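Trainee: The chain contents come next:
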Amino acid sequence: MGHESPAGDLRLTNLTKRFGVLTAVDDLDLTVPQGSFFALLGASGCGKTTTLRMIAGLEAPTSGQVLLGDRDIARLRPYQRPVNTVFQSYALFPHLDVAENVAFGLRRRGIRNVDDQVRRMLALVQLDGSGRRRPAQLSGGQQQRVALARALVNHPRVLLLDEPLGALDLKLRRQMQIELRRIQNEVGITFVHVTHDQEEAMTMADTVAVMNAGRIEQLGAPADLYEFPATAFVANFLGQSNLLAAEAAGPAGADVPVTAHGARFSLPVGRARSDRGAVYLGVRPEKLHLAGSADQVPDGHQHVDGVVTDASYVGVSTQYLIRTGWGSELVAFAANSGLGQRFPVGAPVAAHWDPRHAFLLPREPGPTDDRPDRPAARRAGEGAVANAPRHLLRRVVRPAKRRGAA
Amino acid sequence: MTALAPVPAPSGQAAEAPPPPRRGRHRLLPYLLLLPGAAWLGVFFAAPMLQLGAASLYDPGGSLSTGYVLTWAFGNYPAAVQAYWPQFARAFGYAGIALVLALLTGYPLAYAIAQKAGRWKNLLLVCVVAPMFTSFLVRTLAWKTILSDNGALVGLLRDVHLLGPDGRLLATPVAVVLGLTYNFLPFLVLPLYASLERLDRRLLEAAGDLYASGVQTFRRVTLPLSMPGLTAGTLLFFIPATGDYINAELLGTPNEYMIGNVIDSAFLVRLDYPQGAALSFLLMAAILALVFGYLRRAGTEEVPR
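In order, the protein sequences belong to chains A and B.
Residue numbers are given in our numbering: position 22 of the first sequence equals residue 22, and the series is strictly consecutive.
Residue numbers are given in our numbering: position 138 of the second sequence equals residue 138, and the series is strictly consecutive.
Bear in mind the hints are in silico, worked out from the structure with no lab data behind them.
Take the hints with a grain of salt, since some may be wrong.
With beta-carbon atoms standing in for the labels, derived distance ranges [unchecked claim]:
hint: 1; chain 1: A; residue 1: Y313; chain 2: B; residue 2: N122; range: 52 to 62 Å
hint: 2; chain 1: A; residue 1: S312; chain 2: B; residue 2: E197; range: 45 to 55 Å
hint: 3; chain 1: B; residue 1: L295; chain 2: A; residue 2: R132; range: 20 to 30 Å
hint: 4; chain 1: A; residue 1: G110; chain 2: B; residue 2: Q115; range: 23 to 33 Å
hint: 5; chain 1: B; residue 1: L70; chain 2: A; residue 2: R132; range: 54 to 64 Å
hint: 6; chain 1: B; residue 1: N150; chain 2: A; residue 2: R109; range: 57 to 67 Å
hint: 7; chain 1: B; residue 1: L288; chain 2: A; residue 2: D169; range: 42 to 52 Å
hint: 8; chain 1: B; residue 1: W120; chain 2: A; residue 2: A167; range: 25 to 35 Å
Short, incomplete list of chain A residues facing chain B, as computed with Cβ under 10 Å [unchecked claim]:
hint: 9; residue: Y79
hint: 10; residue: R81
hint: 11; residue: V83
hint: 12; residue: N84
hint: 13; residue: L92
hint: 14; residue: F93
hint: 15; residue: R107
hint: 16; residue: R109
hint: 17; residue: A151
Pulled from the structure, derived: some chain A residues nowhere near chain B, Cβ distances all over 12 Å [as the list claims (entries may be wrong)]:
hint: 18; residue: A7
hint: 19; residue: N185
hint: 20; residue: V187
hint: 21; residue: D255
hint: 22; residue: G327
Bear in mind that the values here come from a model prediction, so they are computed numbers and not experimental data.
The beta carbon of each residue, even a glycine, is placed where N, CA and C say it ideally should be.
Based on the sequences and whatever the hints tell you, model everything.
Mentor: This is how it looks when you write it as structure tokens:
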């Protein structure tokens, strides 16, 4: 559909931005379907904010196009674009009251009777009656709503959100996530949301694009991205993954057999992003189960023997670290449902998984280190890039064209 | 002390806590701190003001040699206005024109230094302040050279026929206004700079994002947010410029004399103390009236940040 110039889709084609020698956004192709809630997810410095600023007109692209429908808006001034932004810092005008902040865009476009629209918009963001207050008198969450109302009141074709919830505390953030979804459903405007918080992206967006080093690593529905990541970067940026360095020798029937650290495993062809040569065999920690010994492993599951080196009880689950025979560590989350067995530190275990839950990712040939994720990297979002080896940062996967406007 | 102060003991248990013994001294402390400044102002400002006020009501018939008598001669005021209203008008007129010129040069200058200068910012600020390192008189005398009939500037203006063959700048109102503009420009630029320096660039981006063109962004965001600096700078420029007499004296002729020159001569040449004092008070009253009127309109309301 993406190629039939749909009326209101936002399309970025070959979009590139260089700052001196640094390439912030590298030949980006992306289609955001009209009316969708789209998240650009990535660590800081991955080019996601630069992409957003190019759509808004606050940054001029080095090359490429920003198409809204059929119109290239890449060279228009910000005030000529039917696009509005909710800034990370909110950027509310301190000398104007809330109502005048919201009315700002309407007034600049010469609209006379703004009171009704402003009142309705303030009601939409649940700030009725706060019109006469100054931004400085509002809490962070309220300021965020004003910023949202100020952008939405203009009925832009696309609303850009630049980490709009970053400054809020956790509870408020959750509340605003739900709120934003509700408002998006209500107004039906295309939302492009930039964030480094993978959980935020997954809970809010229809489509998530994971950005890394100026390119899109993978794009798709949150569940698809999580269940079947395309690259090691995505596998570790979106949640955690156990990645075993392995070698594959092409499919055999419906399965792809792989060898990792001398042991043989296999998984369905449909779970392999790469089926030949150097690969990573990946299993999500919550899909890695523990058994007391190899003969307790259910039929059809595959397993790795190891020893529990750490068990952290976190309430809903227990997070185990398991040292394998070849010395690397696996992470397993066991739900504290009261059904499973608990394992103390030092206990020998068999870590097993259903091959249909595993996935196979391409790997640069070379060092055969496994890539167990570090919990810290998952939390901060920032750490994932710092931990990723250079060869991963350079990996190029561009599924955007392929997918078009799904 | 802080450990004892905060929690007010519930009544009845007060006996337990020792009564704060230094409370009295505590209360006096602000006044003690105020004392040196207040004494200074009292001796060097309030007392001379009273003296000047009294002098303005002396019998106008007296003189330094025969002595003055305080006769509550309120007639000194209307007499002074009648005699010197053109100099009054000139003072406000010249200072007003100079203010406009200073705003036209100073605002862009302050904006450029605050928002666009990057690493040159400090150097440019030093350049703005540097003239202050020499005396006011020397600077004004330097302008005498710049504007002189044989100078390059006049020569150039004659060549392009902006001035006639006998045209001159020195000893004209133009010279006085230019001198005022130059001499007081830093007082306008520095407060403006301070305001514009704190201006958040992201607000300008937000305005652009919300359909404001460059001009609209300036009118609706930059200008209102620089109002505190603009107000302060305008006052700091206008008040001394109105009372100035050096520029008119050195760059003008008696035809350009402002009220400052008249007061100067009343005290130092003509020795007409009652008239000089009355003119001083009138000037002060006029400036105060203007300032209050201006602040009313411009608003001193703090811009919340």
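Trainee: Range first: 42 to 52 Å. Now tell me if the beta carbons of B/L288 and A/D169 are that far apart.
Mentor: holds (51 Å)
Trainee: Next item in the hint list is A/R107. Is there a CB on chain B closer than 10 Å to its CB?
Mentor: Since chain B brings a Cβ to about 8 Å from A/R107, closer than 10 Å, the hint holds.
Trainee: Does A/N84 hold up as a contact with chain B if the rule is Cβ-Cβ below 10 Å?
Mentor: For A/N84, the interface hint holds, since the closest Cβ of chain B sits about 6 Å away, which is under 10 Å.
Trainee: Assuming the hint says 23 to 33 Å, is it satisfied by the Cβ distance from A/G110 to B/Q115 or not?
Mentor: Cβ of A/G110 to Cβ of B/Q115: about 28 Å, so the range 23 to 33 Å holds.
Trainee: Take the shortest C-beta to C-beta distance between A/A151 and chain B; is it under 10 Å?
Mentor: holds (8 Å)
Trainee: At 12 Å, judged by beta carbons, does A/A7 keep clear of chain B as stated?
Mentor: The assertion about A/A7 holds, with a minimum of 22 Å to chain B.
Trainee: Is A/V187 truly not at the interface, in the sense that its beta carbon sits beyond 12 Å from all beta carbons of chain B?
Mentor: holds (17 Å)
Trainee: Can you verify the interface hint for A/F93: is its Cβ closer than 10 Å to any Cβ in chain B?
Mentor: holds (6 Å)
Trainee: Are all C-beta atoms of chain B more than 12 Å from that of A/D255?
Mentor: holds (53 Å)
Trainee: Would the hint on A/R81 stand, with a C-beta cut-off of 10 Å toward chain B?
Mentor: Hint holds; A/R81 Cβ to chain B Cβ min 8 Å, cut 10 Å.
Trainee: Is it true that B/W120 and A/A167 lie within 25 to 35 Å of each other by Cβ?
Mentor: With a Cβ separation near 33 Å, B/W120 and A/A167 satisfy 25 to 35 Å, so the hint holds.
Trainee: Is the claim that A/N185 lies outside the interface with chain B correct, judged by CB distances over 12 Å?
Mentor: Non-interface label stands for A/N185: nearest chain B Cβ at 24 Å, farther than 12 Å.
Violated hints: none; the structure is consistent with every hint.
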